[in-house]
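Number of protein chains: 2
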Amino acid sequence: MSLLTVGSVAFDALETPFGKTDKIIGGAATYITLAASYFTQQNNLVAVVGGDFPQDMIGLLEEHGVDTKGLEIVQDGKTFFWSGKYHEDMNTRDTLITELNVMEHFDPIIPNSYQGTEYLMLGNTVPATQKLVIERLAKRPKLIMLDTMNLWMNIALDDLKSVLKLVDLLTINDEEARLLSGEYSLRKAAKKIMAMGPKTLIIKKGEHGALLFQDDRIFFAPALPLEEVFDPTGAGDSFAGGFIGYLAATDDISFENMKRAIIYGSAMASFCVEKFGTERLVNLSKEEINARVQEFVKLASFEIQ
Amino acid sequence: MSLLTVGSVAFDALETPFGKTDKIIGGAATYITLAASYFTQQNNLVAVVGGDFPQDMIGLLEEHGVDTKGLEIVQDGKTFFWSGKYHEDMNTRDTLITELNVMEHFDPIIPNSYQGTEYLMLGNTVPATQKLVIERLAKRPKLIMLDTMNLWMNIALDDLKSVLKLVDLLTINDEEARLLSGEYSLRKAAKKIMAMGPKTLIIKKGEHGALLFQDDRIFFAPALPLEEVFDPTGAGDSFAGGFIGYLAATDDISFENMKRAIIYGSAMASFCVEKFGTERLVNLSKEEINARVQEFVKLASFEIQ
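Going down the list, the protein sequences come from chains F and E. Just so we're aligned: 105 in UniProt numbering is position 105 of the first sequence, and the numbers increase by one with no gaps anywhere. Just so we're aligned: 285 in UniProt numbering is position 285 of the second sequence, and the numbers increase by one with no gaps anywhere.
Source of the hints: derived by calculation from the structure; they are not laboratory data. Just so you know, even glycine gets a beta-carbon here, dropped at the ideal spot from N, CA and C. Any given hint could be a false lead.
Said to hold, decoys possible - So the derived list for chain F, only partly shown, Cβ under 10 Å to chain E, looks like this: (1) Glu88; (2) Met90; (3) Asp94; (4) Lys188; (5) Ala223; (6) Leu299; (7) Ile304.
To be verified - Once the Cα atoms are required to be at most 25 Å apart in a straight line, the calculated PhoX-like pairs of lysine-lysine come out as: (8) E:Lys298 <-> F:Lys188; (9) F:Lys142 <-> F:Lys192; (10) E:Lys205 <-> E:Lys275; (11) F:Lys85 <-> E:Lys188.
What the hints assert, rightly or not - Covered, in the sense of this in silico footprint (three residues per stretch, anywhere, with C-beta under 8 Å from a C-beta of chain F), are these stretches of chain E: (12) 1–9; (13) 206–214.
Based on the sequences and whatever the hints tell you, model everything.
Structure, rendered in structure tokens:
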């Protein structure tokens, strides 16, 4: 089934305890579509970049089967740029530079050939823009998944609540779940958030795994304990891309299949952090992914009658 | 098989966001033996209390099948007393009062009838005392498990390292694993710690579950997301008690059985935190425990070919 991803395509400059990079390709939609590309063939992208965005980076997405018809290029504009620095624990980071540039007036135009998409992934961006995308789709997708962050809870809460009413699945981290719900207990937080609209909620906990909530059901997904996290940038988006790419490929949105999708998403995130930026994500084989998924199976399986 | 637990039996006074208690029964060995009592019949205790320790609290242990022959009562001494206050996140706590009292000169005397124990649980206490216990056993147990804490890493590291050489299994939390190894990555930390002696390591992560390491194998155990953590005191000891109690009852120290034991231990910890002190732990049925274990099975199970 076809997947449409809307979100940022950007330049990132990163610094971690292991080194630093100049401007490399980044952005939520980049990680999402790259991760999804290992699962689904119909991988459509709506995003905006400036005239400074190199053609070979667009080529990189296309090589991975990403349809870039919806990638608007504003010739006299500059691409969204984010620069950040991670500390030793890799859970906290300082934003050094944020230049919205062309993202500031991002008007998500949906190409006609993308209409009728069954799966919609709204990468983290302005909630009003996310809502606009849903309104511009002639037919409601089978599954709408939304990622967001604390920033929008602080400066655009009403818009966020408005779009939350329209989506099926929300993914946020544990801190954001606590912020959005005002509840410390994640179980209580999940109930309050699901009452805001999304029937399904994924709470990402980084090295501690992820929790999937739907009605009264909960699934606790493990994270692979890694020797080294080289660069956590894009881990959450790779997770989301692997997750929804797997759902789109299997076209099964049951709770049982979402559990599998979380494992595939976690596998993609575990690859992502092994190198800088998208470096590891663009060089994967299906065999590597399946072997990594088997590591998760071994990691989490036990037998009790 | 018989289990011997050595550790503190104490008074605790607790304050959490949900209320506070006067002096109630506490101490590592109390929680461990109570949790283990639901699994193993031969549940022996070596500890020390003062003349102020009420007979009915000893009776409480005995009602749960704990053999208190090894519980020394120093008539003119006072029982170890700890008082602490938890904050909203329940992961951090302030120690308000620590009165070692009779624990300061604790000389662990092993009753003859305890000799030949197959399973030994050394609750968190002075490392030199833990070592003394091992030396006083005529026959080496099949499994020696040790719990410790950051305090001993800071003030008695040599003694701790000396006893670590003698044990099979160490249980500590993630912060302590990082402190003891000097490694941030838990996978690297585990390797270094296992090289210090224990072939098996359990890293407890509270609400994030636990990791079991042995050779190159890793098991990621989930924690049950709870609506409310009422009082976290004793959770780690209840975990340890359920774990080693299950091992002793099944007399199987394979990695596969340790996985099951972790789930039983996690179930006991999840009960423990539902009420103040030992309140929930002393009023459990096997049916409740089995039902809770099934919740863990549902929580963590997924199927991937």
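Hint by hint, here is what the structure shows:
Interface restraint check: Glu88 of chain F against chain E, minimum CB-CB distance 6 Å, threshold 10 Å, status holds. Given hint, Met90 of chain F at the interface with chain E, holds; its Cβ is 8 Å from that chain's nearest Cβ, closer than 10 Å. Below 10 Å, beta-carbon pairs count as interface contacts, and Asp94 of chain F has none with chain E, the closest being about 18 Å; its hint is therefore violated. For the restraint placing Lys188 of chain F at the interface with chain E, the shortest Cβ-Cβ distance is roughly 6 Å, inside the 10 Å limit, so the hint holds.
Taking 10 Å as the C-beta cut-off, the interface hint given for Ala223 of chain F holds, the closest approach to chain E being about 8 Å. For Leu299 of chain F, the shortest C-beta to C-beta distance to chain E is roughly 5 Å, which falls under 10 Å, so the interface hint holds. At about 6 Å, the closest approach between the beta carbon of Ile304 of chain F and any beta carbon in chain E falls short of 10 Å, and the interface hint on this residue holds. Distance check on the hinted pair: Lys298 of chain E and Lys188 of chain F sit about 19 Å apart at the alpha-carbon level, within 25 Å; holds.
With a C-alpha separation of about 23 Å, the suggested pairing of Lys142 of chain F with Lys192 of chain F holds against the 25 Å cut-off. Of the pairs offered as hints, the one joining Lys205 of chain E and Lys275 of chain E holds, with about 20 Å between alpha carbons and a cut-off of 25 Å not exceeded. Between the alpha carbons of Lys85 of chain F and Lys188 of chain E the distance comes to roughly 23 Å, so the proposed pair stays at or under 25 Å and holds. As drawn, the region 1–9 of chain E meets chain F at 0 residues by the rule of a beta-carbon pair under 8 Å; below three, the given contact is violated.
Look at the region 206–214 of chain E against chain F: 4 of its residues bring a Cβ nearer than 8 Å to a Cβ of that chain, three or more, so the hint holds.
Violated hints, listed in ascending order, are 3 and 12; each of the other numbered hints is respected by the structure.
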